[in-house]
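Start from the sequences, fold in the hints, and give me the full structure.
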Amino acid sequence: MTTLDTAPPAAPAAADVRARTARAWRTLRSSRTALVGLAVVGVHVLLALLAPLLTSYDPIANDPSHVLLGPSWEHWAGTDQYGRDVLTRVLYGGRYALGVSVVATVLAVALGTVIGCAAALRGGWFDDVLGRVLDAVLAVPSILALLVVVTALGTGSAVIVCAVAVVFVPQVVRVVRGAALAVVPADYVTAARARGEGTWSILRREVLPNIADVVGVEFAMRASWVVLLISSLSFLGFGADPPTPDWGLMVAENRTAITVVPMASLAPIIALATLVVGLNLAADGLSKAWGVDRIREGS
Amino acid sequence: MTSTQPMTPTEGEPAAPPVVSVDSLSVSYRSGGRDLPVVHDVSFELAQGRTLALVGESGSGKSTVAATLLGHLRHGSRLDGGTVRVAGHDVFALPARELRRLRGGTVAMVAQNAGHALTPSMRVGRQIAEAGSDVPVLDLLEQVRLPRPADLARRYPHELSGGQQQRVAIAMALAARPRVLVLDEPTTGLDVVTQRGILDLVAALRDELGLAAVLVSHDLGVVARMADEVSVLRSGRVVESAPTRALFAGAEQPYTKRLLASVPRLTDDGLALVGDNGEREVRARAVVDADAPVAVSAQDVTVDYGTARAVHGVTFDVRRGEIVALVGESGSGKSTLAWSLAGLRAPSGGTMTHGSGDLARPARRRPAALRRLVQLVFQNADTSLNPRRTVGDAIRRPLRFFGTAPDRRSAHARALDLVRDVRLDPALADRLPAQLSGGQRQRIGIARALAGEPDVLIADEITTALDVSVQAEVLRLLDDLRRERQLACLFISHDLAVVRGIADRVLVLRHGVVVEEGPTEAVFADPAHPYTRELMAAALEPDPDARPLVEDVPDWTDAAQPGDVWTDHGGGHRVRRWRPADTSDTPDAAVTSVSEGVS
Chain A
1 MTTLDTAPPA
11 APAAADVRAR
21 TARAWRTLRS
31 SRTALVGLAV
41 VGVHVLLALL
51 APLLTSYDPI
61 ANDPSHVLLG
71 PSWEHWAGTD
81 QYGRDVLTRV
91 LYGGRYALGV
101 SVVATVLAVA
111 LGTVIGCAAA
121 LRGGWFDDVL
131 GRVLDAVLAV
141 PSILALLVVV
151 TALGTGSAVI
161 VCAVAVVFVP
171 QVVRVVRGAA
181 LAVVPADYVT
191 AARARGEGTW
201 SILRREVLPN
211 IADVVGVEFA
221 MRASWVVLLI
231 SSLSFLGFGA
241 DPPTPDWGLM
251 VAENRTAITV
261 VPMASLAPII
271 ALATLVVGLN
281 LAADGLSKAW
291 GVDRIREGS
Chain B
300 MTSTQPMTPT
310 EGEPAAPPVV
320 SVDSLSVSYR
330 SGGRDLPVVH
340 DVSFELAQGR
350 TLALVGESGS
360 GKSTVAATLL
370 GHLRHGSRLD
380 GGTVRVAGHD
390 VFALPARELR
400 RLRGGTVAMV
410 AQNAGHALTP
420 SMRVGRQIAE
430 AGSDVPVLDL
440 LEQVRLPRPA
450 DLARRYPHEL
460 SGGQQQRVAI
470 AMALAARPRV
480 LVLDEPTTGL
490 DVVTQRGILD
500 LVAALRDELG
510 LAAVLVSHDL
520 GVVARMADEV
530 SVLRSGRVVE
540 SAPTRALFAG
550 AEQPYTKRLL
560 ASVPRLTDDG
570 LALVGDNGER
580 EVRARAVVDA
590 DAPVAVSAQD
600 VTVDYGTARA
610 VHGVTFDVRR
620 GEIVALVGES
630 GSGKSTLAWS
640 LAGLRAPSGG
650 TMTHGSGDLA
660 RPARRRPAAL
670 RRLVQLVFQN
680 ADTSLNPRRT
690 VGDAIRRPLR
700 FFGTAPDRRS
710 AHARALDLVR
720 DVRLDPALAD
730 RLPAQLSGGQ
740 RQRIGIARAL
750 AGEPDVLIAD
760 EITTALDVSV
770 QAEVLRLLDD
780 LRRERQLACL
790 FISHDLAVVR
800 GIADRVLVLR
810 HGVVVEEGPT
820 EAVFADPAHP
830 YTRELMAAAL
840 EPDPDARPLV
850 EDVPDWTDAA
860 QPGDVWTDHG
870 GGHRVRRWRP
880 ADTSDTPDAA
890 VTSVSEGVS
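If you read the protein sequences in the order shown, they are chains A and B. Taking our numbering, I'd label the letters of the first sequence as residues 1 to 299. Taking our numbering, I'd label the letters of the second sequence as residues 300 to 898.
Please note: incorrect hints may appear among the correct ones.
[What the hints assert, rightly or not] With beta-carbon atoms standing in for the labels, derived distance ranges:
1. A/VAL277 x B/ARG329: 32 to 38 Å
2. A/GLY198 x B/ARG582: 38 to 44 Å
3. B/SER540 x A/ARG32: 48 to 54 Å
[Claimed, not checked] Some chain A residues judged to face chain B by a derived CB distance under 8 Å, without partners named:
4. GLU74
5. TYR188
6. ARG195
To be clear, the hints were calculated from the coordinates, so they are not data collected in a lab. Note that the Cβ used here is the ideal one computed from N, Cα and C, for glycine as well.
Here it is in structure tokens:
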């Protein structure tokens, strides 16, 4: 968070950024949780990106001659009922899961953070009205809300991203607003106000760095929930459309054949589980390493 | 551990007088895998009816020592050696049940912030009754001199003032008729007048009940007034122990001398500069040019919080190079006034003007050039700096924001200059606030305020949270800076001794009304308003034999009338009209008897 707002044109600032990067790396290295989590997520990202190089099979082309095969040297995880290589589909499936989830989470957390901080900073009627509106949105169960949106607007990726953002923003706002409320009365915020700085500038410079750990943890939790939610949507048939390789969809397609080719269902489940665990570990460890531990380093 | 004697709680007092005896006590605190000694080889004895003061700056271990009398060690602390005996019992060898009986029964503690020590959801009377006493609650409340005890016992803690809460805490401590009272900074955070009342009460109760008292304080004025003996602590070691009078008359250790010399006094007519061996040199006040331009002018300013009026028609000017002090108790409106000037709270009436613009508008609507010229320094240096940004960053921001430094490189250089200007090592600029001491942080707060090159500096209780020696340094810095930069400074404080040393003029505020104002010398030489006299009478000097600056404080009522508010004492010293409370029913007679020259 803190490295974002100092671009390094001049020499002293560059040294400053180097020092910060060094410090960030040092604290990061001290957190095993963060390293393990990052590694797991990193592997997922790499596999998704390099999927075309790692496998020569096509993830969507049917091959009636190789239907429902068990694991072998040709097909490590076997094939499904249309003769598609399961491993290939799992690798390509990461692209959809990661892409949509990351975009949706970033959108939800970013929006929620800005709105939450602004509510804490402005207070007054803005805070009151926002609180009531968010209460109303929170009262609707998230999967239900998503289903309604997707049914009404179709199942495109953009629709799902927006719908997920709308569903998760209120929860992020709640948490972030609470954290920001503890920071806003501090004298350094008052000093910035007396200086006449704008709301956005106070937010970015004074409030955000002090709630970075909360936002980090929030990102971790939301990311794993979003991955699961989007996979659930696919499983229910409201997410990715059938030929697309997607983990939720794969489970839905192959669960009828689970006794014949168990790997066809298990492989996407394992992929999903490792991604969620990795996300949790990574963001949780990161927020601790960069948030809580830096203060401890100071004292 | 030494062997404990078999206990005989029903027996009378032991023959040997010391009721408390601490013998080479050592305590360490475990942090980051290392043991840090907090208290090292501390010994003292205390007889029934006597008061011992543990004095020291923050981090000296004084509170840790006091807590050991109740057999308490903070979490993570460990007893390394030594014994603490209270009424014949070794408190660290007592079984838990006996220790509980000792606490409250034999030793009782009054903590610093009574507001936090009382349960908010329980009526005061029930809380006192819970302290397990045979003495009726109402008698206890009467004993701590609370008016209308029956009514008070039915109230909740938040319905009481700070002083009343502290009295309730004392009543709870006394409930089980202890023999030793441990007072941990009992009056820190209270107003001078309230503090005086609490101290008088504690002294009276101590004599009445024959208590032994251990008083923990950083305030040498409190110690001089209360204690029979003093132990000066520094970094967990006893630097010097002596009877109070001997210590204040002639301390032997340089540290004690420096500490004593750092305390500002009501009799100083300038800022005291303290040498390494505690020699004091009072620097004459800076002379403000007679034709110095007025930097800030406030006329009839009123500030409201909803329907409550915090400031009623206050008028003052501050000239370049002049320090004007606003003095008053908490709730007198002095900080509200400062925040209004800084543009954080719009005034509801009157005018505030600066040489280059109108200050009645909130900061956001002031032109940047004007915002730059009026800067605020905060009371609490711990919260005035962003913990996530280096202090250099904190100073660079206003430099860039106000455009004082045109580019990043010059901002960096200017920030280092400013750090140097507040007498700090520029290498500190790369540190985070948590890596600095309180005094260093307050200096950085001043440097940040100076970054905009202001001509008006508002200092809101800037030394209140600091240790006395650090306070002296920060005051000196402020005095130097106003000389160097011809700053117009509004200095807000509740401490008259501090004001006496640094301010050129004084305004005494009470409930948002100025009751007396004038040149510092004139006001201190002849405090004419009863409220000013009351404040001065309550101020404590670091000298057990000090005579109060004023003796008599008459009862009074306000007698100001529209168009006839002030009594002029000449030379800019004027006093709000008042009259003795019950001499006359006709206000006119009283007014004429007091007034001589009409302003």
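Structure-based check of each hint:
1. A/VAL277 x B/ARG329: 32 to 38 Å: Roughly 34 Å apart at Cβ, these two residues keep to the hinted range, so it holds.
2. A/GLY198 x B/ARG582: 38 to 44 Å: For B/ARG582 against A/GLY198, whose Cβ atoms are near 43 Å apart, the range 38 to 44 Å holds.
3. B/SER540 x A/ARG32: 48 to 54 Å: Distance hint for B/SER540, A/ARG32 holds at roughly 51 Å.
4. GLU74: Since chain B brings no Cβ nearer than about 55 Å to A/GLU74, farther than 8 Å, the hint is violated.
5. TYR188: holds (4 Å)
6. ARG195: holds (6 Å)
Consistency note: the structure conflicts with earlier hint 4 alone.
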